[in-house]
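Student: Line by line, the protein sequences are chains A and B.
At position 273 of the first sequence (counting the first as 1) the number is 273 in full-length UniProt numbering, and the numbers step up by one without a gap.
At position 132 of the second sequence (counting the first as 1) the number is 132 in full-length UniProt numbering, and the numbers step up by one without a gap.
If you're looking for bench data, these hints aren't it; they were derived computationally from the structure.
It cannot be assumed that every hint is accurate.
For chains that are exact copies, the list does not tell them apart, and a pair is met inside one copy or across any two.
[As the list claims (entries may be wrong)] BS3-like cross-link-like pairs, simulated, lysine-lysine; straight-line CA separation at most 30 Å: (1) K234 x K200; (2) K62 x K42; (3) K234 x K190; (4) K283 x K190; (5) K62 x K200.
Chain by chain, the residues:
There are 2 protein chains.
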Amino acid sequence: MESVSTNKAFGGVQGVYRHASAATGTDMTFSVFVPDHAPGAKLPVVWYLSGLTCTHANVTEKGEFRRACAEHGLIFVAPDTSPRGPDLNGNAVADDAEGAYDFGLGAGFYVDATQDPFARHYKMWSYVTEELPALIGEAFPADMTRQSIMGHSMGGHGALTIGLSFPERFRAVSAFAPIVAPGQVPWGQKALGGYLGDDKAAWRRHDAVALIEDGARVPALLVDQGGADQFLEKELRPELLEAACAKAGIELRLTIQPGYDHSYYFISTFMPAHLQWHAERLKG
Amino acid sequence: MESVSTNKAFGGVQGVYRHASAATGTDMTFSVFVPDHAPGAKLPVVWYLSGLTCTHANVTEKGEFRRACAEHGLIFVAPDTSPRGPDLNGNAVADDAEGAYDFGLGAGFYVDATQDPFARHYKMWSYVTEELPALIGEAFPADMTRQSIMGHSMGGHGALTIGLSFPERFRAVSAFAPIVAPGQVPWGQKALGGYLGDDKAAWRRHDAVALIEDGARVPALLVDQGGADQFLEKELRPELLEAACAKAGIELRLTIQPGYDHSYYFISTFMPAHLQWHAERLKG
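Let the sequences and hints guide you as you build the complete structure.
Tutor: Here it is as structure tokens:
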């Protein structure tokens with residue numbers, strides 16, 4: 001792991017790091033904020049998964065999470081959203097990936113692709129659930145027995161599916177404007193089809209609503225959704241999560257926030273409340 | 001004036017606007033955050049002047065000012081740092097301006113240039129002190145009897161010189177890592193020489209330390225400066241402001257913040273304390 005940049009902020013250190021990932025077979029860049037802490041102390045870890053087109057940089061620059069993380073003593077980790085590289089899987093993939101904002105580069109959808117040519121590098125599930133946690137636990141003052149996960153849009157999908165898949169690992173799961181049922185919406189159908197092919201059982205393991213229908217459980221979910229979000233009705237459809245949680249007995253704190261859109265202006269507004277919610281569960 | 005974008009944030013509206021400026025003879029873009037407020041209410045205005053290479057966008061995306069502005073009920077205005085245009089003053093200027101980060105585009109230094117070819121468009125003093133305030137007063141729910149000003153680096157220079165020049169207008173003046181004595185440092189000597197020529201009396205009107213030496217007074221100044229700022233010793237030199245304020249009897253609250261650099265990671269950390277300080281003076 002090499003350090004790309006470190007900047008003091010809110011008493012702690014905002015760093016950006018790069019490492020050669022075995023999971024993706026590419027270099028991967030991620031950011032970590034470590035608040036000021038006592039020597040030898042280990043801090044809980046909040047994972048933040050970003051949305052389509054984003055890298056670690058969007059939330060790092062615009063997410064306004066550092067004040068709350070410093071107050072609560074939380075490490076904040078922001079991975080990238082896909083493997084990246086000029087020749088990734090050859091021209092066929094590079095063309096497709098760079099031509100579409102919702103598939104390929106910046107759009108890994110937090111799955112391990114099984115379809116050629118994506119299967120070689122698009123292993124974001126393994127990267128985010130296995131390889132990067134091991135690195136974080138080694139290289140930072142992280143208490144890996146206290147983790148939580150949140151995300152935005154495609155990253156909200158990632159946070160919900162990973163949180164539902166590892167309920168013993170994540171003490172809190174929340175999302176901003178998540179894709180809750182990728183199997184039922186265009187973004188998700190394109191991505192799951194492209195990465196996983198026709199294996200609908202595999203799709204269900206990467207669909208929060210389907211996971212809940214199939215028995216996955218967490219104590220509670222916190223979701224904020226902008227009421228003026230342009231993707232609300234076609235791609236996000238929080239009512240599907242609401243119905244699944246109601247049927248499963250999962251406490252869902254879903255708020256449609258009037259007038260808010262899909263941007264970091266929305267995310268930054270509600271970031272402190274999410275981190276407060278995470279902190280209560282990470283420290284309790 | 002046309003709206004470029006508006007986004008709901010922290011209960012208010014973060015807007016970006018563009019207008020044809022008479023002062024600069026170009027289109028100018030700026031951002032304004034207006035917190036939620038009662039119908040008909042008018043809110044105090046905080047001006048934020050940005051540093052070299054910046055536009056309105058840097059602080060708008062990375063400044064983390066909206067939470068505090070929403071709490072205190074403050075409008076936050078962020079102008080651009082120079083006129084902009086592909087053919088600005090012809091190729092001679094465009095070449096120079098685009099070739100240097102510290103002169104020309106993104107580096108107007110908040111002066112009205114008197115030297116050809118800059119004199120035609122580089123009128124940032126008139127733009128920021130006359131034209132844009134008139135527009136803000138007309139187009140936003142702004143109480144122009146309650147204004148304050150802050151800035152970063154070159155914008156800290158702008159905030160200090162404008163605040164010292166209009167003590168009746170600005171109830172609070174603060175800066176992050178300001179250029180305090182442009183007449184004595186390389187950035188400032190290049191800019192003041194280029195825009196104002198050899199007229200050293202004109203230089204002194206755009207130099208905070210010289211203004212204080214020449215009799216300008218404000219009740220107090222708040223300045224935070226990163227101790228690990230790479231520009232501290234050569235370009236910023238806060239000790240010169242400290243000496244001038246001590247001699248003049250101006251209360252200077254200067255803090256060298258250990259470990260902080262020149263970036264928005266530094267600015268965003270101390271932004272809430274600055275806005276608190278402004279709010280106390282705007283509301284008192």
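Student: Which of the stated hints cannot be reconciled with the structure, identified by number in ascending sequence?
Tutor: Numbers 4 and 5, in rising order.
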